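Q: Residue numbers (numbering that gives the first Met the number 0), protein chains in the order written: chain E, 0 to 426; chain H, 0 to 107.
Treat the hints as calculated values from the structure; they're not laboratory data.
Because the structure is a prediction, the values reported are computed rather than measured.
There's no promise every hint is true.
Claimed, not checked - Derived lysine-lysine pairs resembling BS3-like cross-links, with alpha carbons at most 30 Å apart:
| # | chain 1 | residue 1 | chain 2 | residue 2 |
| --- | --- | --- | --- | --- |
| 1 | E | Lys-267 | E | Lys-222 |
| 2 | H | Lys-55 | E | Lys-192 |
| 3 | E | Lys-261 | E | Lys-231 |
| 4 | E | Lys-95 | E | Lys-192 |
| 5 | E | Lys-261 | H | Lys-27 |
| 6 | H | Lys-27 | E | Lys-171 |
| 7 | E | Lys-56 | E | Lys-5 |
| 8 | E | Lys-56 | E | Lys-42 |
| 9 | E | Lys-171 | E | Lys-116 |
| 10 | E | Lys-192 | H | Lys-27 |
| 11 | E | Lys-42 | E | Lys-171 |
| 12 | H | Lys-55 | E | Lys-261 |
| 13 | H | Lys-55 | E | Lys-5 |
Unchecked claim - Just a few of them, taken from the derived set where beta-carbon distance is under 8 Å, the chain H residues facing chain E:
| # | residue |
| --- | --- |
| 14 | Leu-18 |
| 15 | Pro-45 |
| 16 | Leu-54 |
| 17 | Ile-59 |
Glycine residues also receive a C-beta, built at the ideal position from the N, C-alpha and C atoms.
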Amino acid sequence: MAHFAKPVEGSWTEHFGLATDPVSYDDSITPEQYALEREAIFKKTWLNVGRVEQLPKPGSFFTKELDAAGTSVIVVRNSAGELRAYHNMCRHRGNKLVWNDYPRVESSGMCRQFTCKYHGWRYDLDGKLTFVQQEEEFFNLDRDRFGLVPVTIEEWQGFIFVTFNPKPQPLKDYLGRLGAGIEGYPFGMMTQKHTYRAEVASNWKLFIDAFMEFYHAPVLHAKQSVGEESRKLQGFGYEALAYDIDGPHAMVSSWGGMAPPKDLSMVKPIERVLRSGLFGMWEGPDVGELPAGLNPARSPAWGIDSFLFFPNFMLLVWKPGWYLTYHYWPTSYNTHIFETSLYFAPPQNAFERLQQELAVVTFKEYGLQDGNTLEATQMMLESGAITEFPLNDQEIALRHLHTTCREYVAEYTGSKAAAPTPISAAS
Amino acid sequence: MANLPTDFAELEPFSEWILPSEYDRYGKRIASSMDELQAFYDAAFPRLEDGAEYLKSVSISGISDEDRNLLWLFSSLVTVSFPVEAWRQPRVPDSGATSIDVVVEPRP
Ligand code: FES
Ligand SMILES: [Fe+2]
């Protein structure tokens with residue numbers, strides 16, 4: 000039974016010109032495919048590495064481990080107040096430049112210059128080499144030739160992106176219509192941040208799959224709702240209000256009547272008292288008029304829009320005036336680091352802090368449920384016992400993700416095949 | 000020694016739940032038995048409505064130690080509400096070894 004209208008083609012999948020046949024998950028189960036994805040996707044696209052609030056002043060910096068792009072970067076605000084990024088690598092003998100205690104752990108802070116732990120070379124915030132220990136021992140060392148290696152960096156709506164593509168599309172163009180549609184949302188007023196991290200034993204795409212469809216929600220998350228409500232939700236199943244696809248990016252617009260619920264007996268006792276829950280505080284802050292790209296179906300039942308900016312950055316905007324981000328950082332073909340940050344307007348009082356805590360912790364309980372199916376799925380996909388999987392119309396965004404990844408890889412291997420000096424792609 | 004505002008002194012026996020990090024609140028939850036979680040919930044939940052009213056008058060900047068303790072105590076109640084109200088077990092069902100750990104959280 001359809002509750003929400005679909006495009007004239009009869010399905011979202013056909014509307015956006017995607018195939019409807021079963022899909023293979025052989026893009027998620029081999030080291031060879033991951034090696035290709037690193038080159039074809041993670042070294043080619045724009046990657047979101049953080050927010051401007053992380054770099055409040057000149058000298059503020061953070062490092063980001065990007066195994067998928069085969070490097071670590073330093074992101075810093077220089078003395079002129081501009082954003083800069085560098086490979087996190089000393090020009091002398093290649094030591095990782097910025098880290099504390101453990102070289103694989105990301106770090107952040109404030110500094111006036113970067114000093115290498117190994118032999119003490121120093122670089123200013125613009126990456127210029129400013130000090131060489133025992134410089135006279137070197138042979139005609141030209142300091143100007145040994146600055147930090149820059150990484151292309153751009154900002155969009157306060158989100159900081161880097162790319163390793165030597166000829167990148169401007170970020171705004173890359174983010175396309177879906178990005179343009181949410182410009183102007185007051186992301187910058189939501190500075191109360193909670194961040195969570197998990198090491199997940201699955202291919203990075205599998206967790207995106209889980210967050211780009213809600214077909215699973217009434218089933219996997221059944222026990223989150225109280226008795227009768229849960230049965231009702233399973234009976235309804237799930238239908239999105241709308242989907243949209245533009246280039247490699249996708250979005251799903253979803254209903255969510257939980258904030259505030261029509262019938263208080265539908266929600267758990269703690270939610271009733273705190274007037275908060277998965278969808279956030281029932282009475283959220285005023286965020287003004289929504290940009291045109293949010294709630295594209297203009298539905299009064301709207302609750303949340305989930306955007307996937309290819310390859311691995313998800314942005315979720317919730318009706319009660321807050322947002323969250325998901326990042327999926329691959330570390331191998333069958334492992335990745337999942338990071339999520341929830342951003343709220345700063346609480347006006349301790350009660351609002353408590354309301355936000357309930358939203359955060361509810362999210363975590365859902366996340367634990369979402370996460371725990373992934374290892375089980377990865378394991379069986381790797382068995383190869385089944386190689387074709389039917390995806391339904393509510394799974395369009397993941398069909399699109401896997402299709403897009405294959406296209407990027409095909410384009411890369413195609414261009415490599417045509418290149419004069421072929422490089423072993425799987426190395 | 001008073002840990003909590005005087006109106007909430009009856010919750011002093013549960014002051015071990017005054018934990019400023021979600022990491023520790025969740026850790027204590029999964030290390031507790033359902034009986035322990037239920038006992039804390041049964042004592043604290045009936046005071047949550049008063050607590051909510053009270054905390055509305057507490058501004059985040061310059062929060063006193065007692066008020067902050069009350070905030071963390073009720074934050075623990077939030078953490079404990081899931082097993083008591085939904086799961087009937089300390090862990091999220093089927094979550095096995097899965098963990099999602101807090102790395103940044105605002106603490107007044
Ligand atoms: S490797 Fe950095 S100073 Fe030698
Ligand atoms: Fe989910």
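Q: Each hint should be assessed against the structure and marked as holding or not.
A: A quick look at each hint next to the structure:
Taking the CA atoms of Lys-267 (chain E) and Lys-222 (chain E), the gap is about 11 Å. The hint holds against a cut of 30 Å. Straight-line distance between C-alpha atoms of Lys-55 (chain H) and Lys-192 (chain E) comes to about 20 Å, which keeps the hinted pair within the 30 Å bound. Between Lys-261 (chain E) and Lys-231 (chain E) the CA atoms are separated by roughly 14 Å; this keeps the pair inside 30 Å, and the hint holds. Simply put, Lys-95 (chain E) and Lys-192 (chain E) have alpha-carbon atoms about 28 Å apart, close enough for the 30 Å limit, and the pair holds.
Among the hinted pairs, Lys-261 (chain E) with Lys-27 (chain H) is inconsistent with the structure: their alpha-carbon atoms are about 34 Å apart, more than 30 Å. At roughly 45 Å between alpha-carbon atoms, Lys-27 (chain H) and Lys-171 (chain E) are farther apart than 30 Å, so this suggested pair is violated. For the hint pairing Lys-56 (chain E) with Lys-5 (chain E), the CA-to-CA distance comes to about 48 Å; that exceeds 30 Å, so the pair is violated. Taken as a hint, the Lys-56 (chain E) and Lys-42 (chain E) pair is honoured in the structure, with Cα atoms around 29 Å apart against an allowance of 30 Å.
Under the criterion of a C-alpha separation no larger than 30 Å, the hint pairing Lys-171 (chain E) with Lys-116 (chain E) is inconsistent with the structure, at around 37 Å. At most 30 Å may separate the alpha-carbon atoms for a hinted pair to count; Lys-192 (chain E) and Lys-27 (chain H) meet this at roughly 23 Å. Distance restraint check for Lys-42 (chain E) and Lys-171 (chain E): the Cα-Cα separation of roughly 18 Å lies within the 30 Å cut-off, and the hinted pair is therefore satisfied. A distance of roughly 24 Å separates the Cα atoms of Lys-55 (chain H) and Lys-261 (chain E); the hinted pair therefore holds under the 30 Å criterion.
For the hint pairing Lys-55 (chain H) with Lys-5 (chain E), the CA-to-CA distance comes to about 44 Å; that exceeds 30 Å, so the pair is violated. With a least beta-carbon distance of about 12 Å to chain E, the hint placing Leu-18 (chain H) at the interface is violated under the 8 Å criterion. Given the 8 Å rule on beta carbons, the hint for Pro-45 (chain H) is violated: about 10 Å separates it from the nearest Cβ of chain E. Interface restraint check: Leu-54 (chain H) against chain E, minimum CB-CB distance 4 Å, threshold 8 Å, status holds.
Against a cut-off of 8 Å between C-beta atoms, the interface hint on Ile-59 (chain H) holds, since the closest Cβ of chain E lies about 6 Å away.
Checked against the numbered hints listed earlier, the structure breaks hints 5, 6, 7, 9, 13, 14, 15; every other hint is satisfied.
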